[in-house]
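Q: Residue numbers (our numbering), protein chains in the order written: chain A, 16 to 220; chain B, 16 to 220; chain C, 16 to 220.
Any given hint could turn out to be false.
Pairs involving identical chains hold if they fit within one copy or between any two copies, as the list cannot separate such chains.
Claimed, not checked - Here are the simulated EDC-like pairs of lysine to aspartate or glutamate, each with C-alpha atoms no more than 16 angstroms apart in a straight line:
(1) Lys209 / Glu39
(2) Lys210 / Glu39
(3) Lys206 / Asp19
(4) Lys209 / Glu75
(5) Lys209 / Glu185
(6) Lys206 / Glu162
(7) Lys206 / Glu185
(8) Lys210 / Asp125
(9) Lys206 / Asp125
(10) Lys210 / Glu75
Just so you know, the hints here were simulated from the structure itself, not pulled from any lab data.
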Amino acid sequence: MTWDILTVIGVVAFAVSGSIAAMEERYDILGVIILGLVTAFGGGATRNLLLGIPVSNLWEQGNLFVIAITSMFIVFLLPNLWFHFIKQWMFFDAVGLAAFSIQGALFAVDMNLPTIAVIVAALLTGSGGGIIRDLLAGRRPLIFRDEIYGLWAMLVGLVIGLGLVNSPIEFYIVFVLVVLLRMLSVYFGLKLPKKPIYRKKSKKV
Amino acid sequence: MTWDILTVIGVVAFAVSGSIAAMEERYDILGVIILGLVTAFGGGATRNLLLGIPVSNLWEQGNLFVIAITSMFIVFLLPNLWFHFIKQWMFFDAVGLAAFSIQGALFAVDMNLPTIAVIVAALLTGSGGGIIRDLLAGRRPLIFRDEIYGLWAMLVGLVIGLGLVNSPIEFYIVFVLVVLLRMLSVYFGLKLPKKPIYRKKSKKV
Amino acid sequence: MTWDILTVIGVVAFAVSGSIAAMEERYDILGVIILGLVTAFGGGATRNLLLGIPVSNLWEQGNLFVIAITSMFIVFLLPNLWFHFIKQWMFFDAVGLAAFSIQGALFAVDMNLPTIAVIVAALLTGSGGGIIRDLLAGRRPLIFRDEIYGLWAMLVGLVIGLGLVNSPIEFYIVFVLVVLLRMLSVYFGLKLPKKPIYRKKSKKV
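The shape of chain A in the complex, shown without the other chains (with noise of 0.2 angstroms):
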């Protein structure tokens, strides 16, 4: 129950950060929904394509799309001064990281695939959607450049693939752990390192 109340959070939180990236791309009502549903379905599909699980698993899922699709009607139809409070979604989308990443995870344990595909899988149905959502809107993903984002949910891979973490409670511990490093990566601009290189004429390699 408890599960299921994070997961709509997450789906809410990653329907809404697409509809908005939609809208600043000055997309219409139909980009915003379309990007909105990939970013909060994305990545859970794009998981279960790599793990081998049928992506048509996406449509038992038919409760969370109509929260998703209301959710982005809402956003669609709010003045744009509240966009302002922006910030605050930040933690919804922390939310929606930490659920869907224990989800992608336990999903690969499920099926008894190797420490590397967990992690995988967690990286995919906490980031995927976001990767989608900038591809279509143009844009290089932000998981590669911003604040810590993707290492979190490979941590969550890592501690479930290994099968360090068990019990629903220590789930939930990860879960408010996840939430916490990522508010933390933002707030104080957390980044990995990078080690940028000129673009030659021989980009090709």
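Knowing the structure of chain A, use the given hints to seat chains B and C on it.
A: Just chains B and C now, kept in the frame of chain A:
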């Protein structure tokens, strides 16, 4: 039989649409052909993937591949002057949209999927190829911004998904209506509502 | 055995190619690793998807993942100065192209797919990873514009699809030929014909 002709027209129109986008981006002949193929067959492939139909069914359409590639070679060899008459293609593209979205919706109905999936199937089959085309051409997908396009495909999915359309004659009426609606959208510059918002620093939401 | 070595070289070359693209875009270490993995394994995954092979077969290549990630870490830690010698990589990349396109074509032949599918399989396995890499790096795919690349993969698909190549020795000859052809393409700046057209208002076709 008549239906086959419509599919062929749709394939040709979409293939040409992809190859023109490639030529606009100064892609070479291989890029022209790949973008054309992706535009003509990418929508159906994406639909198959999301509906749980084997994507490899694609390969049973051997004749359509030959037709698509042939038409792209013809376009590649045409004098540029001809492209001034490009508006003519708009009609073929509308035919493609209508034929593909009906075909996609019927696929989903055959699988007893819920109405939402039928709508998505119609949308994906009708416009998925164009989205992939735009991504591979480095553009923001047109259907999210320009004259009404995807909505007509979704309407097809809705009426077929709700079972309002059954007999062949009714399908042809839907077909003609979609072509008309799409042509009118372009002619009158009909667009869906937008609500652009400023892109702020905290664009990550 | 020898074949395994070629695959390893191909994986390393493609992984490095992806990680360099990521560093050029100022992505962080996670972006570097994801782009590298996607470049090395994305072509095979796309091929599996389109040929109806379970995409999850990917996970049976555990060792290759370790090799790819290790080589990306080494590249990440290398002094930038080294990248002036980057032209050397062109050779490894050509090896990757040759090894992957032959491997992809054989996959399709094993499944008794028609020649067109064999050609597409060779093309996807050899160049699909690079296309995904370029999309995730926010670039127009290089293989559509630069020195001849995909054509050599397609030729591999053609000769294998038509059954002109059967014995191991013949495969090695094809392999060496593809490496040579690719190197010559870069060396002499060989490009496929283009026919750029102006992008007009009615770009929707």
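Q: Now tell me if each hint is right for this structure.
A: Hints, one by one, checked against the model:
1. Lys209 / Glu39: Result: close only across copies, 10 angstroms inter versus 27 angstroms intra.
2. Lys210 / Glu39: between (29 angstroms within a copy, 9 angstroms between copies)
3. Lys206 / Asp19: Neither. Shortest intra-copy (31 angstroms) and inter-copy (37 angstroms) distances fail the 16 angstroms Cα cut-off.
4. Lys209 / Glu75: Cα proximity of Lys209 and Glu75: none, with 40 angstroms in one copy and 30 angstroms across.
5. Lys209 / Glu185: The answer is neither: 33 angstroms in one copy and 44 angstroms across copies each exceed 16 angstroms.
6. Lys206 / Glu162: Intra 5 angstroms, inter 36 angstroms, cutoff 16 angstroms: intra-copy only.
7. Lys206 / Glu185: Result: close neither inside a copy nor across copies, 27 angstroms intra and 50 angstroms inter.
8. Lys210 / Asp125: neither (37 angstroms within a copy, 43 angstroms between copies)
9. Lys206 / Asp125: Close neither inside one copy (32 angstroms) nor across copies (46 angstroms); limit 16 angstroms.
10. Lys210 / Glu75: neither (43 angstroms within a copy, 31 angstroms between copies)
The structure is inconsistent with the numbered hints 3, 4, 5, 7, 8, 9 and 10, although it conforms to all the rest.
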